[in-house]
Amino acid sequence: MSLRHALSTPDAEKASLSTRLLALGIVLALLVTVPIWVPNSYYVNICSQILIWAVFALGLNILVGYAGLVSLGQSGLFGIACYTAAYLVSIGTPHFEAGLAAIGLAIVTSAVFAVLSLRTTGISFLMITLALGEILWGIAYRWVSVTGGDNGISVNTRPTPFGISLASPSAFYYSTLIIFLVVVAAMYVFVESPFGISLRGTRDQARRMTTLGYNVWLIRFLAFMFSGLIAGVAGLQFFYYEKFVSPYVLSLSTSATVLLMVISGGVATLLGPIVGAALVIVMQYVVSAYIQQWNLVLGAIFVAIILFMPEGLVPGSLRLWRALRRRRGSAPAVVTVPVEPES
Amino acid sequence: MSAALAIHGLTKSFGGLRVTRGVNLAVEPGERRLIIGPNGAGKTTLFNLITGDLRTDSGRIEFFGRNITRAPNRHRAHLGMARTFQIITLFPRETLLRNVMLSLLGLSKLRWNPFIRFDRLTVLAEPARDALARVGLDHLAHRPLSETSYGERRRIEIAMALAQNPRVLLLDEPLAGLSADERRDVHRLIVSIPRDVTILMIEHDMDVALEIADRITLLHFGEVVVEGTRAEVVQDPRTREVYLGE
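Order-wise, the sequence lines are chains A and B. The first sequence begins at 1 in our numbering and counts up by one. The second sequence begins at 1 in our numbering and counts up by one.
No lab work stands behind these hints: they were computed from the structure. Being a predicted model, the structure only gives us computed values, none of them experimental. Errors might be hidden in some of the hints.
[As the list claims (entries may be wrong)] Negatives, chain A to chain B, calculated, CB over 12 Å:
#	residue
1	Val70
2	Thr121
3	Ile197
4	Leu199
5	Met209
6	Leu218
7	Ser253
[What the hints assert, rightly or not] Computed beta-carbon distance windows for the label pairs:
#	chain 1	residue 1	chain 2	residue 2	range
8	B	Asp130	A	Gly163	54 to 60 Å
9	A	Val303	B	Phe221	51 to 57 Å
10	A	Leu181	B	Pro72	37 to 43 Å
11	A	Val303	B	Ala176	43 to 49 Å
12	B	Arg143	A	Gly299	37 to 43 Å
13	A	Arg326	B	Ser179	55 to 61 Å
14	B	Ala176	A	Leu218	32 to 38 Å
Here a beta-carbon is modelled for each residue, glycine too, at the ideal position from N, C-alpha and C.
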């Protein structure tokens, strides 16, 4: 019995654990030292942006990847946090209270979105979330007395948590890095938790889950709120990064961008949304400096991803890597096999 | 003691098609009840009504004396009703063990916990392993479901239902599509289920099904045509009529 168990537990996973820890250590060291090895503060800011968008994408991945619910209204949750914080700070509310209110309102909005959109799944869910997001965009655009309309709202300060000023690019980068690491850790725990497994169950076999005693609606509802919480955190960071908010944050284009990040990186993976966020932001801010038509290049990359790695960059690369290793590993084995005389 | 399952005047229509017409059924605790009938007789629909997958148009369903007609199906699971599906609906990306653990988690308060690791839940893993052992699949516990055979999946279906320790178990064609060997295994498995579990079973394989059943209900066009012991139903001329059109 125990031998059988030993045989059936994947040994390869254990062997690669130390490699993984090493890789994790290197990545962490690189992330922590960004302001040192990245000389130009412009690029430090881009790193902050990548981390903010990665958090946003990780939150959306809860819905798209683990719940199987493709939302195009995520900008609504992101944007409402931006606007709440911007408005409150502009009328003199302290940063801490403004931040709490921003995230709180994002959660409340996600609950409203969830109640309205979870009546359906699939394409109808997508259309309803899209419509809800557009409503918020419309309000931001038209309610000029509060939102400033097209001009948006700008503020001139960033918060000073524990007395540390976030005014400099590297200080702000560290604040985004801390939040990013917390969200990654939270996702890591969540995905393999009983609740996370239940959520994936509702994605794969909703009816079976009901029969087994699960409340599918409530599971999806809570997942939506969790996603909203993370979108709110990302929105708040984005606002403080820009110190400015305009209806763009609530636009369909923002929802589509974050969705593309999730899909291009790989849905239902921890790394996928992070890689997707890095890809899009690097194209937008780095490649655009060299190639005017960076949008075209990004489009071509997306097409290539769909063609060669429809499951996304992270799972796709893993698949190619494994295939390559198998070919390399099996090559000498073939040589040692004695050639049987043909009869 | 009240019946494990009592159904009174149950009806269900899909548009103009009346698929269940005034069905009455009383299944005693511990009984093995076989539901038979030609294709389209409304057997699976009856199961779906009992488990709450479908809403009844009229009639009443009682579960150990408790009216569950309007209870959502997840409540029925918590009351002690489990089922297997005709078309297998399992979780293909998970291992066998995790499939059964997921079944156990459905009745556990732990299912809302987002902080602990699912794999480390020995309170679920141990009974799940026992359930797999019961269907003779514990040696494949860590294999992904997608790499198992059809016959194995049928047994996992049953393991998942049994793991929940149901009071009433509904088996929808547990032998369908199995080889002779697999049929024998599943047959043995069903026979081995203790009598504190009441079983309702839809099955076309009469050799096996008749052997297991205490009583048989014959459905035709959504109506109960004959009900009785094995011998009564087999000898009833209406049974021949339904099956052979004589």
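**OP:** Look at the Cβ atoms of Val303 (chain A) and Ala176 (chain B) and judge whether their distance stays inside 43 to 49 Å.
**Re:** holds, 44 Å
**OP:** Hint says 32 to 38 Å; check whether the CB-CB distance for Ala176 (chain B) and Leu218 (chain A) agrees.
**Re:** The hinted range 32 to 38 Å holds for Ala176 (chain B) and Leu218 (chain A), with Cβ atoms some 33 Å apart.
**OP:** Confirm or reject the statement that Met209 (chain A) sits farther than 12 Å, beta carbon to beta carbon, from all of chain B.
**Re:** Non-interface label fails for Met209 (chain A): nearest chain B Cβ at 7 Å, not farther than 12 Å.
Original post:
Is it true that Asp130 (chain B) and Gly163 (chain A) lie within 54 to 60 Å of each other by Cβ?
Top reply: holds, 57 Å
**OP:** Hey, is Ile197 (chain A) genuinely clear of chain B, shortest beta carbon separation above 12 Å?
**Re:** Answer for Ile197 (chain A): violated, closest chain B Cβ roughly 5 Å.
Original post:
Would the least Cβ to Cβ distance between Thr121 (chain A) and chain B come out above 12 Å?
Top reply: holds, 16 Å
Subject >> Consistency of the no-contact label for Val70 (chain A), given chain B and a CB cut of 12 Å >> reply: For Val70 (chain A), whose nearest Cβ neighbour in chain B is about 19 Å away, the distance exceeds 12 Å, so it holds.
Original post:
CB of Arg326 (chain A) to CB of Ser179 (chain B), is that within 55 to 61 Å?
Top reply: violated, 33 Å
Original post:
If you check the beta carbons of Val303 (chain A) and Phe221 (chain B), does the distance land in 51 to 57 Å?
Top reply: Holds - the Cβ-Cβ distance for Val303 (chain A) and Phe221 (chain B), about 55 Å, lies within 51 to 57 Å.
**OP:** Note whether the CB distance of Leu181 (chain A) and Pro72 (chain B) lies within 37 to 43 Å or breaks it.
**Re:** The hint (37 to 43 Å, Cβ to Cβ) holds, given that Leu181 (chain A) and Pro72 (chain B) are roughly 40 Å apart.
Subject >> Assertion that Ser253 (chain A) lies farther than 12 Å from chain B (Cβ) >> reply: Holds, since 32 Å exceeds 12 Å.
Original post:
Lying within 37 to 43 Å: is that true of the beta-carbon distance Arg143 (chain B) to Gly299 (chain A)?
Top reply: At roughly 41 Å between Cβ atoms, Gly299 (chain A) and Arg143 (chain B) fall inside 37 to 43 Å, so the hint holds.
The structure is inconsistent with the numbered hints 3, 4, 5, 6 and 13, although it conforms to all the rest.
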